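Visitor: Residues per chain are reported as follows:
There are 4 protein chains.
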Amino acid sequence: MAYEFRLQRRVEFSETDAAGIVHFSNFFRYMESVEHAFFRSLGHSVMLRDHQPPLGFPRVHAECDYRSPLRFEDVVEVQLLVQEKKPKALTYQIRFYSLATQPAREVARGVLTVVCVAKNPDGTFVSTRIPHDLAGKIEVAPAEFLA
Amino acid sequence: MAYEFRLQRRVEFSETDAAGIVHFSNFFRYMESVEHAFFRSLGHSVMLRDHQPPLGFPRVHAECDYRSPLRFEDVVEVQLLVQEKKPKALTYQIRFYSLATQPAREVARGVLTVVCVAKNPDGTFVSTRIPHDLAGKIEVAPAEFLA
Amino acid sequence: MAYEFRLQRRVEFSETDAAGIVHFSNFFRYMESVEHAFFRSLGHSVMLRDHQPPLGFPRVHAECDYRSPLRFEDVVEVQLLVQEKKPKALTYQIRFYSLATQPAREVARGVLTVVCVAKNPDGTFVSTRIPHDLAGKIEVAPAEFLA
Amino acid sequence: MAYEFRLQRRVEFSETDAAGIVHFSNFFRYMESVEHAFFRSLGHSVMLRDHQPPLGFPRVHAECDYRSPLRFEDVVEVQLLVQEKKPKALTYQIRFYSLATQPAREVARGVLTVVCVAKNPDGTFVSTRIPHDLAGKIEVAPAEFLA
Chain A
1429 MAYEFRLQRR
1439 VEFSETDAAG
1449 IVHFSNFFRY
1459 MESVEHAFFR
1469 SLGHSVMLRD
1479 HQPPLGFPRV
1489 HAECDYRSPL
1499 RFEDVVEVQL
1509 LVQEKKPKAL
1519 TYQIRFYSLA
1529 TQPAREVARG
1539 VLTVVCVAKN
1549 PDGTFVSTRI
1559 PHDLAGKIEV
1569 APAEFLA
Chain B
1429 MAYEFRLQRR
1439 VEFSETDAAG
1449 IVHFSNFFRY
1459 MESVEHAFFR
1469 SLGHSVMLRD
1479 HQPPLGFPRV
1489 HAECDYRSPL
1499 RFEDVVEVQL
1509 LVQEKKPKAL
1519 TYQIRFYSLA
1529 TQPAREVARG
1539 VLTVVCVAKN
1549 PDGTFVSTRI
1559 PHDLAGKIEV
1569 APAEFLA
Chain C
1429 MAYEFRLQRR
1439 VEFSETDAAG
1449 IVHFSNFFRY
1459 MESVEHAFFR
1469 SLGHSVMLRD
1479 HQPPLGFPRV
1489 HAECDYRSPL
1499 RFEDVVEVQL
1509 LVQEKKPKAL
1519 TYQIRFYSLA
1529 TQPAREVARG
1539 VLTVVCVAKN
1549 PDGTFVSTRI
1559 PHDLAGKIEV
1569 APAEFLA
Chain D
1429 MAYEFRLQRR
1439 VEFSETDAAG
1449 IVHFSNFFRY
1459 MESVEHAFFR
1469 SLGHSVMLRD
1479 HQPPLGFPRV
1489 HAECDYRSPL
1499 RFEDVVEVQL
1509 LVQEKKPKAL
1519 TYQIRFYSLA
1529 TQPAREVARG
1539 VLTVVCVAKN
1549 PDGTFVSTRI
1559 PHDLAGKIEV
1569 APAEFLA
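As given, the protein sequences belong to chains A, B, C and D, one line each in that order.
For the first sequence, the working numbering assigns the number 1429 to the initial residue and increments by one for each residue that follows.
For the second sequence, the working numbering assigns the number 1429 to the initial residue and increments by one for each residue that follows.
For the third sequence, the working numbering assigns the number 1429 to the initial residue and increments by one for each residue that follows.
For the fourth sequence, the working numbering assigns the number 1429 to the initial residue and increments by one for each residue that follows.
Source of the hints: derived by calculation from the structure; they are not laboratory data.
Careful, some of the hints might be misleading.
Copies of the same chain look alike in the list, so a pair counts if it works inside one copy or between any two.
What the hints assert, rightly or not - SDA-like cross-link-like pairs, simulated, lysine to any residue; straight-line CA separation at most 20 angstroms: (1) LYS1547 x VAL1535; (2) LYS1547 x ARG1499; (3) LYS1547 x VAL1488; (4) LYS1513 x ASP1493; (5) LYS1514 x ARG1495; (6) LYS1547 x PRO1482; (7) LYS1565 x ALA1465; (8) LYS1514 x HIS1489; (9) LYS1516 x HIS1472; (10) LYS1547 x PRO1497; (11) LYS1516 x ALA1569; (12) LYS1547 x ARG1495; (13) LYS1565 x HIS1472; (14) LYS1547 x SER1496; (15) LYS1516 x SER1496; (16) LYS1565 x VAL1474; (17) LYS1514 x ASP1493; (18) LYS1547 x PRO1559; (19) LYS1516 x ASP1493; (20) LYS1565 x HIS1479.
Remember, predicted model here, so these are calculated numbers, not experimental data.
With the hints as extra help, turn the sequences into a complete structure.
Guide: Structure representation (structure tokens):
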């Protein structure tokens, strides 16, 4: 059972903008990357291709509060915490720590809610229960971690 | 005085992902684009380069609720409504309507809060009042528009 | 029969980088966008979904020479010229003109070669002839246009 | 003296497109990332901020030949080889190997030419010699590596 995952990445030049900082939309890409790494750490891909029909986890809510900018080549630690677990949905709290300063500093905090869906042959999605083998490995983080 | 702006754009292939839909992070890029077009419609750039020191509008909060996916070549109308106006900050509500179906359908709704900052010579930002000539052209949308 | 297409777009903030200019990778996204608009102008989507199996046009070669940078809010005219037409492949020459200066100035020039493929049920691609109804609408640009 | 650098990365979901493969423009972002990692391995940042005026390395030419697609979660090894070294410019050959198959397979090959520039106070660039301390650490790869 897991409720947390941490990942470090270094800001790439293509992720910055003309203000000299990481473009705010890229924090959402970082959030997704840590989620996918979390799934892999549990032995699963977020694209559950071996299910019939194939399952996926589209996002239904995403948000981020930005405190300090990230810059080119900064190393950022992205921490995922499982905030809520429902039969068909997961909500993560995601924190961004810049390791460019000592001590490390939280520069942003986000929330991501994803829903498990089956993909119909016509391309539409229908929400469905998270497969048991995956759901059984995920638990909500203790309250003191989420505060 | 303006409180609303609408922009149409067509989904580009590079904005889609392997799920066959617009990647959720790109809705935030769309939000920013309509904000900048709104500023241009008022005769201003979001990069106020003629101010000394130069001013900018970094995002301090961004969120989005996703209802239905957008796909390649869908035409989407993005509507910006001014939800809140403070001396140093603006909050927009932003609605996404897919014109791929008849009638048009709201597929997502977001919120963006930006703060006016001056850029110090050392690259750091300090929040500052929105310049009077720009602030004087922006007003909050009527409550019934925001509901 | 068509051999040329022009499209104007305005540089978005998310397309710039910390050097204050459009990130070089985005010129390739612009190239693709003008290709897709060219196809639409002929009454086709680049995703030929009504074919069985579905057809697509993955890129096999892409290149760009950069002469001058593009900046935020510059308006750029992207011109596609059909440089070569084969039964299964098309090569475009693509020119970028900045309209931010008078007279307009060519700031970059690219080449894109795409191949028509059918997508097998297992996800692999096999090259195939460009459908007759599409191929019949496309011709190579006169030599003096391409020089 | 160094003429080669290798980097592994895993394909992120946001880098894929609706064809289910890595969008072709992202190979150019990967190329830049390995270049920057190469510079860091030599003790330098590609943004030479400690120089007065600040130096940078805008791209003047970029190209890529695509042989096989990359897919979500594939691990790709990106190999940079120094192909040419001039007083003001560097050209790299960059090879992409998919580690998703055994044996690893070259899926794409690119070329990138960058020029050292000084950034004038007015934002324009002027080409300049690569600083001696950096240039002294870089050499051209042996011909048999580049074939």
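Visitor: Are the hints correct? Go through all of them and say.
Guide: Taking the hints in turn, this is what the structure says about them:
For the homomeric pair LYS1547 and VAL1535, the shortest alpha-carbon distance between copies (18 angstroms) is at most 20 angstroms, but the shortest distance inside one copy (36 angstroms) is not. When the C-alpha separation of LYS1547 and ARG1499 is checked against a cutoff of 20 angstroms, the pair qualifies only between copies, where the shortest distance is 15 angstroms, while the shortest distance within a copy is 38 angstroms. In this homomeric assembly, LYS1547 and VAL1488 come within 20 angstroms of each other (Cα to Cα) only inside a single copy, at 16 angstroms, whereas the closest approach across copies is 30 angstroms. In this assembly of identical chains, LYS1513 and ASP1493 lie within 20 angstroms of each other by CA distance solely across copies; the values are 18 angstroms between and 22 angstroms within a copy.
Only between protomers do LYS1514 and ARG1495 lie at most 20 angstroms apart by alpha-carbon distance; the minimum there is 18 angstroms, versus 30 angstroms within a single protomer. For a Cα distance limit of 20 angstroms, the shortest separation of LYS1547 from PRO1482 qualifies both inside one copy, at 6 angstroms, and across copies, at 18 angstroms. In this assembly of identical chains, LYS1565 and ALA1465 lie within 20 angstroms of each other by CA distance solely inside one copy; the values are 14 angstroms within and 36 angstroms between copies. Taking the closest pair of Cα atoms, LYS1514 and HIS1489 come within 20 angstroms of each other only inside a single copy of the chain (15 angstroms); across copies the shortest separation is 26 angstroms, beyond that limit.
In this assembly of identical chains, LYS1516 and HIS1472 lie within 20 angstroms of each other by CA distance solely inside one copy; the values are 16 angstroms within and 38 angstroms between copies. Taking the shortest Cα distances, LYS1547 and PRO1497 sit within 20 angstroms of each other only across copies (12 angstroms), while inside one copy they are farther apart (37 angstroms). With identical chains, the CA atoms of LYS1516 and ALA1569 are at most 20 angstroms apart within one copy only, with a shortest distance of 18 angstroms there and 36 angstroms across copies. Proximity of LYS1547 and ARG1495 under a CA criterion of 20 angstroms is satisfied inter-copy only: 16 angstroms between copies versus 37 angstroms inside one chain copy.
Proximity of LYS1565 to HIS1472 under the C-alpha cut-off of 20 angstroms is restricted to the intra-copy arrangement: shortest distance 10 angstroms within a copy versus 43 angstroms between copies. Within a single copy, LYS1547 and SER1496 get their C-alpha atoms only as close as 39 angstroms, which misses the 20 angstroms cut-off; across copies the closest is 13 angstroms, which meets it. For a Cα distance limit of 20 angstroms, the shortest separation of LYS1516 from SER1496 across copies, 17 angstroms, qualifies, whereas the shortest one inside one copy, 34 angstroms, does not. Within a single copy, LYS1565 and VAL1474 get their C-alpha atoms as close as 14 angstroms, which meets the 20 angstroms cut-off; across copies the closest is 42 angstroms, which misses it.
For the homomeric pair LYS1514 and ASP1493, the shortest alpha-carbon distance between copies (18 angstroms) is at most 20 angstroms, but the shortest distance inside one copy (24 angstroms) is not. Taking the shortest Cα distances, LYS1547 and PRO1559 sit within 20 angstroms of each other inside one copy (14 angstroms), while across copies they are farther apart (29 angstroms). For a Cα distance limit of 20 angstroms, the shortest separation of LYS1516 from ASP1493 across copies, 17 angstroms, qualifies, whereas the shortest one inside one copy, 26 angstroms, does not. In this assembly of identical chains, LYS1565 and HIS1479 lie within 20 angstroms of each other by CA distance solely inside one copy; the values are 18 angstroms within and 42 angstroms between copies.
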